[in-house]
Amino acid sequence: MLFLNRTLKKSSAYQSLSRLILLPAILFSVTTPSIALDVTVYLHDKKNLTLDGTIVELIGVDSPAQPGADYVINQVGIAFKPLFSVIPKGTSITLTNNDPFKHHVYSFSKGNQFDIPLYTDVPKQDVVLQNSGIVKLGCNIHDWMIAYIYVHESQFLKKVNSSPVIFDEVLAGTYEVRVWNPRFRNTKRILKKVLTVVDGKNNEVKFDLALEKTIRMSKKPTTANQTGNSYNYSNDK
Amino acid sequence: MRFQTKLSLLFGGLLILSLSMVMMLVGQITRKTVIFEIEQSLATTLLTVNRLHETRVKNLQQNVRLLAGDYGFKAAYGTEDTATIKTALQNHQHRLKDADLMILCDLDGLVLSNTFSDSMNHEPFPWIPVLDEAYDSDSGEATAYAELDGAVYQLAVTPLLAPDLDAWIISGFRADHNMAIDLSALTSSEVTFVRNSGANTHLVASSLGSEQQAGLITFLQSTPLSSGLVQYRDNRETYIGNLIRLTNVQDLSFSIFVQQSLDAALDPYRELFWYSLLIFLVAIVMFAVAIVRTSRSVTSPITRLSAAAESVSKGQLDITLPVSSKDEIGILTRTFNEMTQGLVEKERVRDLLGKVVSPEIAKKLISEKIEVTGEQRNITVLFCDIQGFTSLSETKPPKEVLHSLNLFFSQISQIIESNGGVIDKYIGDAVMAIFGAPQDDPNHAANAVRAGLEICGQTDALTQSLISKSGVPCQFGVGIHSGPVVAGNIGSSSRFNYTVIGDTVNVAARLESFGGRVYDSRLIVTREVVDLCPNIRFVLLGEVNLKGRQQAAEIYTAQSIDPSSY
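These protein sequence lines map, in sequence, to chains A and B.
In terms of our numbering, the first sequence has 177 at position 177, counting the first letter as 1, and numbering is strictly consecutive.
In terms of our numbering, the second sequence has 404 at position 404, counting the first letter as 1, and numbering is strictly consecutive.
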């Protein structure tokens, strides 16, 4: 399974290729009359596990997401609330500490790395997520504290529990289809495919997912007296 | 073969056999016990080795887990810079002390950095299955043995949480000579790490010496082993070993072989064996001495008894054997002595009886049931009386008289007995003899006449010792008469005599007085005798009146005997 993922992860060359394909497509779309079309994304898990919490994003030149208002992620009972967040690229997030003790929040996620040393209440500076992708928040002094942020850059985004996923009113053009689920073994990975949307044909794309039953993360120690997120995905989706 | 020798060989053989069997049995049991103990020890050793390994791996994982949580290390990892990550790994390896290598892999199995070789970086991790095993385990950790550049490492996979699973940290320590030595010291068994099996077998590391290693590898190459107990011998010693396959990846065949020397374990028992053998030999010598002495004590009395019994059978009755014990042999000897004494007494009685009564009567008394009863028989009675003996006894000392009389009686008795007669009694200077009793004798009359003739024929010799006062030898007369008598044991049940009574006895006694006195002839017989002796020539001497008889009786003397009658 890891081996399969490894082949998909030859990312640098893959991304360069995608950009080369997308650029003329975008140029082409500017000069082409706008026609609203449907795009269908088929999702299938190899083990037929539930697709709960799957995020599907369709990225094209005409549908950039606009940064939202400040987004607050709380720390309550030695846990981040909420566990999963979907935020447009460029949005500022406030990591509010509601616990009576300090937290040290960090992210080593590529493109969105930050480090807020021990603090209480509201940190002095907000964090702006400048790049799309997965951001994993952690606390340096509480291993089991974790939060996932999906930073998207397109308006075409859906959080679904089943397949197929249909996007309507999609203009013809070339798109990058992204799929992510927190139950991927490698939670940093976003599955990506290029789809050219044209009139007169079925614009659809299929993804074979390799989901796990649960998210593997540190368990909260039973000796910890505080209540908080149990990190049971089914309770927090 | 002598009884003593047989006895000694029998018991000696039984002793040697039984002791040999006991020693063999003890030897077998000892060997089995030692082997069993070694096998148990090796099983424990394997458990101990496994436990030590597990403990060491757990310690390593625990330490790596702590280091993985180090924020500085996570920050270094977050740089995605290979050199930075390598120095952080080296720093952690230095902190761990127990680790010989550290590798950092991403979740796709690519080596991000490591402390072993830069050539591994950005290459697939060689042992992907152990990463999958770690992911599938509850703890997110896994261990395995793996080979790297010809060396075998115990690997421990630990997740790097940043904050969830983001990468793998693989730490490892090498299964080397020092590790084998340490395990050997802890378990008192030789520990060897074995790579592959069969002809490709080679030893990765071992606590054995070089010669022992050569013996072990020769054995392992010639004997494919899966697992379990084995016994093999090198040039010097016999070993019992136990092999266990270890968890491995990428078809790495890796085993731990623990062994103990059977010979070394048996050394104390060998010493015991030699002591036992010494005791065994001493016991045999002591037993040999004891059995010879005992058998002698048994057989000597039996030998003496046997010789004495043989002497008794030959007539030597006066034998008394020493009684030296109170056991059965002593009882037998004592009984034998009592028996010989009884025989001596019986013989003395027989001899005395033969002297008191005639041998025939004695024989009859001894051989037949004694009944104080009588029977009527026709017999012949012979009387022989010394004439003038009374005057003789008055002139000579009693002792001399008795001596002379006994000499005379002895000669007379010999003649009578040689002719089948039986001395009935001595009546003063007279002898009464009977023929035809107690044994039947159809020629009793003729035999009596012959005895009488013989007595008369030896007159000079018989009377030589009987010299009267006048210096003339004494004369004697012989009277013989045949007729019916009552014969039997006469007396009480406690005291009796075998004799005959009746008129025949009286007639014979009276006839004797005629011999040599009334007639020249000393031998006087009656008509009844003559009638019974057709082969003897008699001469009629006349008629005489016998006291108690109304008719005169013809008396005869014998002159000759027809030789054919003998």
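Quick caveat, the hints were computed from the structure, so don't treat them as lab data.
Do not rely on the hints blindly, as some may be mistaken.
[What the hints assert, rightly or not] Sample of chain A residues with no beta-carbon within 10 angstroms of chain B, all distances over it, derived:
id, residue
1, L137
2, I146
3, T187
4, M217
[Unchecked claim] List time: in silico SDA-like cross-link candidates among lysine to any residue, alpha-carbon distance up to 25 angstroms:
id, chain 1, residue 1, chain 2, residue 2
5, A, K81, B, P129
6, B, K58, B, T5
7, B, K86, A, K213
8, A, K46, B, D70
9, A, K220, B, K86
10, A, K47, B, Y135
11, B, K6, B, I29
12, A, K213, B, D70
13, A, K192, B, P124
14, A, K110, B, M21
15, A, K47, B, S137
16, A, K220, B, A83
17, A, K46, B, D138
18, A, K220, B, P129
19, A, K220, B, L110
Each residue gets a CB set at the ideal place from its N, CA and C atoms; glycine is no exception.
Each hint tested on the structure:
Look at L137 (chain A): its CB is around 7 angstroms from the nearest CB on chain B, not clear of 10 angstroms, so calling it non-interface is violated. In this structure I146 (chain A) is not separated from chain B by more than 10 angstroms, as the shortest Cβ-Cβ distance comes to only about 4 angstroms. For T187 (chain A), the condition that its CB be more than 10 angstroms from all CB atoms of chain B is violated, with the nearest at approximately 6 angstroms. Non-interface call for M217 (chain A) relative to chain B: violated, since the shortest CB-CB distance, roughly 4 angstroms, does not exceed 10 angstroms.
With a C-alpha separation of about 36 angstroms, the suggested pair K81 (chain A) and P129 (chain B) falls outside the 25 angstroms cut-off, and the hint is violated. For the hint linking K58 (chain B) to T5 (chain B), the alpha-carbon distance of about 77 angstroms lies beyond 25 angstroms, and the restraint is violated. For the given pair, K86 (chain B) sits about 34 angstroms from K213 (chain A) by alpha-carbon distance, which is inconsistent with the 25 angstroms threshold. Distance restraint check for K46 (chain A) and D70 (chain B): the Cα-Cα separation of roughly 36 angstroms exceeds the 25 angstroms cut-off, and the hinted pair is therefore not satisfied.
A hinted pair counts as satisfied when its Cα atoms are at most 25 angstroms apart, and K220 (chain A) with K86 (chain B) does not qualify at roughly 30 angstroms. Distance check on the hinted pair: K47 (chain A) and Y135 (chain B) sit about 17 angstroms apart at the alpha-carbon level, within 25 angstroms; holds. Among the hinted pairs, K6 (chain B) with I29 (chain B) is inconsistent with the structure: their alpha-carbon atoms are about 34 angstroms apart, more than 25 angstroms. Annotation: proposed proximity of K213 (chain A) to D70 (chain B) is violated, straight-line Cα distance about 29 angstroms (limit 25 angstroms).
Under the criterion of a C-alpha separation no larger than 25 angstroms, the hint pairing K192 (chain A) with P124 (chain B) is consistent with the structure, at around 23 angstroms. About 84 angstroms separates the Cα atoms of K110 (chain A) and M21 (chain B), which puts this hinted pair outside 25 angstroms; it is violated. At roughly 19 angstroms between alpha-carbon atoms, K47 (chain A) and S137 (chain B) fall within 25 angstroms of each other, so this suggested pair holds. This hinted pair does not check out: K220 (chain A) and A83 (chain B) have alpha carbons roughly 33 angstroms apart, beyond 25 angstroms.
Distance hint between K46 (chain A) and D138 (chain B) is fulfilled; the C-alpha atoms sit about 22 angstroms from each other, no more than 25 angstroms. About 28 angstroms separates the Cα atoms of K220 (chain A) and P129 (chain B), which puts this hinted pair outside 25 angstroms; it is violated. Note on K220 (chain A) and L110 (chain B): the hinted pairing is violated, with a Cα-Cα distance of about 30 angstroms set against a maximum of 25 angstroms.
Hints 1, 2, 3, 4, 5, 6, 7, 8, 9, 11, 12, 14, 16, 18, 19, counting from the list given before, are not met by this structure.
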